[in-house]
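Residue numbers (the numbering used here), protein chains in the order written: chain A, 3 to 323; chain B, 7 to 378.
Among the clues, some could well be false.
Stated by the list, open to error - Derived coverage of chain A by chain B (criterion: at least 3 residues anywhere in the stretch with Cβ under 8 Å from a Cβ of chain B; other residues may be distant): (1) 7–21; (2) 136–148; (3) 225–235; (4) 240–247.
Honestly, the hints are just simulated from the structure, not real lab data.
This structure is a prediction, so every number in the text was calculated from the model and none was measured.
Every residue, glycine too, gets a C-beta built ideally from N, C-alpha and C.
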Amino acid sequence: MIDLAENDEQAEIARTAARLLSDHADPPWQQCAELGWLALAVPEHLGGVGYRLAEQVVLFRELGRALTNGPFLGTVLAVELAIAADDADRLATIIAGKQRVALAEPVGGSDRWRIWSDGTPVDSVLLVEASGRCRLVDDEQVRTVETVETIDPAYRLRSAHIDAAVGVAVEPMDGAVIRDRGAVLAAAMLVGIAERARDDSTRYAVDRVQYGRPIGSFQAVKHRCADMAVRAEAAWALTGLAAVELDAGRPEAALDVTAASEIATSAALANARDNIQNHGAIGFTAEHSAHRYLERAHVLGAQFGTPSRRVERLLAAADPW
Amino acid sequence: MELTDVAEDDEFRAEVRDWLADHVPREPAPIDRAARRDFDMEWQRVQFDGGYAGVSWPAEYGGRGLGLAQQLIWYEECVRADSPDLGCGFVGINHAGPTLIARAGEDQKRYHLPRILRGESVWCQGFSEPGAGSDLAAITTRGRLDGDAIVVTGQKIWTSDGDIADFQELLIRTDPGSARHHGLTWVICDMRSPGIDVRPIMTMAGTPEFCEIFYDEVRIPVANVVGELGAGWSVAMSTLGFERGTGFLREQLELARYIEDRLRSGVDGAVTAGLATTRAQARAMYAMTLRMVSRSARGDDLGASASMIRLYYSELRQRVDRLVVDGRGVDGLLRGPSVLDRYLDGYKVTIGAGTKDVQRNIIGERGLGLPK
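Can you make the complete structure from the sequences, with help from the hints?
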């Protein structure tokens, strides 16, 4: 059967990452590389740690929870592209922490792109085309038109022209797998946000006293926290399922990857919203962290498709029965 | 999170699939109550003879002795094969049986468990009372000790299948001076005992599904106590744990399958997007179930997982039913055998087995540690 409980190694990955990230939410990139975070799902014979997506989601859930900045998604997907393209040099460079990769999405028109940039410098850009075809392009070949701020102060969007002929490409068949892996990793980060919002709310509901009682004893607040717990559990279980299915090449993955995107995005957004509400006025301040979960959830939820694109994919996927 | 025992599971699944293809009754379940009882018990008997009654029950009491993973596979294949649901066998298989396995004495297990599996006894539940719904600890139905019998007087309500049941899991107050969770006893009541009066209650879905039951000096042997006299609360909590946990595996799978069928049969365009989202939610529900089964196999503390799944299922079920009715426009509102029956019947799922509010209390208090 598909075992969806974390095994000992997965639990250890989560513990180690959580411990490090609680000290430094943004650890130096070189340290991440030395910890094997960029090569977690790279086979050992290619110089990696030899785990799979099921272990990678455990790490990304912690990166999401800590609101860690850094081009993790783009970089580990570029690792997949380097493997698919049989580009051993590039693979070695990336997992050594010497090449950071941003993610880009097409705007329409063959050479127009928008690049997600989180303020940290990148060396190259991973272009995920609508067909699933993926291309890795050096940042020098990107002609930036303008850079605008987004809802999340850590993320900017660079509009750019990128020549359709440049870069290392993999065709849609391999590319779609890369995109699917990205969607599942983003879902894992969204789970981390949903869980952190749940935990912050729970702590506040125990500590905050009004009318002479902790507000968590009132059903209005308690039930909101309960709903946050259910959303987080549903999102994590489904993200784990999609990861195991992708690892095993199961046909249900086509449905479950998109379903995990959908469920994790709505869980993170709804939990971020409820967390602001549960904190009352303090939750609405710039100083409080509550709004940061909401902002990050919106950005991560937008990385691999719009809501209507998700509905299309959900409807198109084959019946798992 | 990994794939395990693939070959073994595939083999069991293939075996089950073949067997179901040959044995699932093709005629629809009858409406008439007595006929429905016969139908459900006959199907249970066929499963027993095939070796599939109680897949995860211990072999010494007639079960198959396999794990929850195989139980899940069994239900998946049942839903795929459109086999009849447990019907009036539900309480015996999902409440009473598991409670007896966990808490009953050897004689009680040897007598009752094989009868449940062979389709020879129908069970019903006697927990709720007019004054004790969500607040189960407020029950007042009394049991007075008289020699080797407990003499029961009082009233129970919302007892599904009370009109056709042989036995009842009955929760009573045996210590007259006790309050709340103390002094309660979980006892097996023979529904043919003198002094029992069963009156069916019509539901809003038009089914005479549940009953109110009056007890007037009903004598129940002390030997029918499960657990100990006065320890009924803890036994009742086991019962509810089974119900909220694995009791609805089949219903969850059925709902997932139902969504797929509705999507295939085509509905109103605006409703299609809603159903697409429920498709994702059905997969999340399935994943939560797999995760609970996995954690249970590891012996992890399941916390409030069962309540989370119950809450998720029940609200999803109502969302889906509403979408399907809406998708048919005026046709969806026509009485008769239709999507309407299912829609109306679905209003029970956020009430039975603990209301959605009780489930949220459990998740908040037991799962998150919030204060009462």
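Coverage criterion applied to the stretch 7–21 of chain A (partner chain B; beta-carbon cut 8 Å; 3 residues): holds (count 4)
Given coverage of the stretch 225–235 of chain A by chain B, tested with a Cβ cutoff of 8 Å and a minimum of 3 residues: It holds: at least three residues are needed, and the stretch 225–235 of chain A offers 7 whose Cβ sits within less than 8 Å of chain B.
Check of the stretch 240–247 of chain A against chain B for coverage (Cβ-Cβ below 8 Å, three residues minimum): holds (count 5)
Verdict on chain B covering the stretch 136–148 of chain A, criterion of 3 CB contacts below 8 Å: violated (count 0)
The structure fails hint 2 only (numbered hints given earlier).
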